[in-house]
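**Student:** For reference, the chains in residue letters:
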Amino acid sequence: MGLFDYLPLLGVLIVVLGFVFKVDTIATVVLAGVVTGLVSNMTLMDILNILGKSFISQRVATLFVLTLPVIGLCERYGLKEKAVDLIKRLKNATSGFLLTLYQVIRSIAGAASLRLGGHPQFVRPLINPMVQAAFVAKYGKEDKKAEEYIKGYSAASENFGNFFSQNCFMGASGTLLIVSTLSEQGFAVTALDIAKMSIPVCIIAVLVGAVHNYFLDYQLKKIGNKDNQEEKE
Amino acid sequence: MMLQVAGVSEFIAEIYFSIIGIIFILVGLKALEDTQLETRVGTAVFWFLLALTFIFGPYIPHWISGIAIILIACLSAQGQVKLSKSDVPTPEESRENANRLGNKVFIPALGLAIFALVVATLLPALGANNAIGISATIALVIAFFVTKAKPNLAVKDGVRLMDSVGPTGILPQLLAALGAVFTVAGIGNIVSGSVSAIIPEGNRLAAVIAYCVGMALFTVIMGNGFAAFSVITVGIGIPFLIAQGANPVVVGALGLTAGYCGTLLTPMAANFNIMPAALLETKNKYMIIKAQVPVAITMLVVHVALMYFLAF
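Taken in order, these protein sequences are the chains called A and B.
The opening position of the first sequence corresponds to residue 1 in the numbering used here, with each subsequent residue numbered one higher.
The opening position of the second sequence corresponds to residue 1 in the numbering used here, with each subsequent residue numbered one higher.
Hints in this document: simulated from the structure, not taken from any laboratory.
Bear in mind the structure is a predicted one, so any value in this text is a computation, not a measurement.
We put the CB at the ideal spot given by N, CA and C, even for glycine.
A hint or two may mislead.
Said to hold, decoys possible - Below are the BS3-like pairs computed for lysine-lysine, each with C-alpha atoms no more than 27 Å apart in a straight line:
#: 1; chain 1: A; residue 1: K145; chain 2: A; residue 2: K91
#: 2; chain 1: A; residue 1: K222; chain 2: B; residue 2: K285
#: 3; chain 1: A; residue 1: K144; chain 2: B; residue 2: K283
What the hints assert, rightly or not - Partner residues aside, some chain B positions facing chain A, computed with beta carbon under 8 Å:
#: 4; residue: T53
#: 5; residue: I70
#: 6; residue: I72
#: 7; residue: N103
#: 8; residue: T121
#: 9; residue: A125
#: 10; residue: L140
#: 11; residue: T168
#: 12; residue: G169
#: 13; residue: G223
#: 14; residue: Q292
Okay, chain A solo, but in the shape it has when bound (with noise of 0.2 Å):
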């Protein structure tokens, strides 16, 4: 192949450097079809007409916006709060255990799509507290390389759920993004199959959270414990 067979490939380099510096998703998508089209030999006539017909066939992927009006609903009637009042309950139980505990949780409610606002409304103002409090509870003390590792992990927990279980709901904008992708390829798959093939991944991430979640409660017992000793001595 001669190097301008490979002059297509500037659509593929748009795409990534526009992520990766940040430029408008919305234009760097639709710069990079463009860019495509002209360097393949297509008229602009044929790129319009490509963009707008596979745009037409994949409104499937924005099928979404009609679960919104009843999780807006909800939220206006205390979603969120019922959430927090269940979290609560959970008291004492270790660091990694609540973790734990909390994946299950948020694994639920991605595969059910209800939006519990993540770090922002969930991990900072309840999960981190808690678990924070729960290492000063069975240590009787403050640490603040167990404070860090904490932290860490009860973000990463709020990203281990959403993320592996969010395909399990049929309209979930990702489920419907392979649904469409593949069927634009000429492979029919609906959102029915993807949404049980993504069972397996998110049943297996709340295991290996726990292990991982266990071996966080391993570490703060020997941060909690090197602690006491030096206390004694």
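Guided by the hints, dock chain B onto chain A, whose structure is given.
**Tutor:** This is chain B only, laid out in the frame that chain A set:
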């Protein structure tokens, strides 16, 4: 007979796409009403153009939708599309409602997911994709019963959330369209031509590793699993896996979450890894990524194994 059924499911689908279009129009109108918003006209035009493609797209020449997409991109590039003022429920209001309703508030939200599964499984003739709209409709009716809210509140809250999701909400759809352009331009062939030099012919495990690791790596670079999915699936997933007989459902579903393993590792995904670190005031701004590394690597290995055993 089959033709008739297909016609019905398409008809229902168009109704739901029109409802989405109407929500877009309402977001645009809300922007126009917000006299404080300097870019209100640009914002409104953005949502109106989007509504045009959703409602009239199938009945007008495709190049008109193409032009609408170009204009949408220009408005977005110039920072014309902004959030307008919304009636956001106050914490007191939702607390009071929460105390009154109790755990009943979970019913419509959980119903959303459950009805979608039930409808898609029991009534496949309606079209699997319509199940999402139908379940949203049922859940909304239940929500009215549970909350006793006025119907216009659901419209208001739906429009408010759509506005807060903003233009990125159409990113998956745009990326699928980009994938179509990539395919016509032959990008799949070019990438697969280069990758085939690395992957031994017919070696399924090597192909699975190339796809999963490729998804994760591209996501690390771009910070966005969705964008990586449209490139790597066209370039590696389809030619090396699906075309070799792998189940597209397995490849697609595991492919995207393999990309998410990359999201866990990258500072490029700032709103998941860096912004929360600032929010939690960690000393090391990469503390969250550090905490995520073992799980991300383990999960990537899990993805390779699952895809290898489930896809073939």
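**Student:** Against the earlier hints, flag every one the structure doesn't satisfy and list their numbers going up.
**Tutor:** 9
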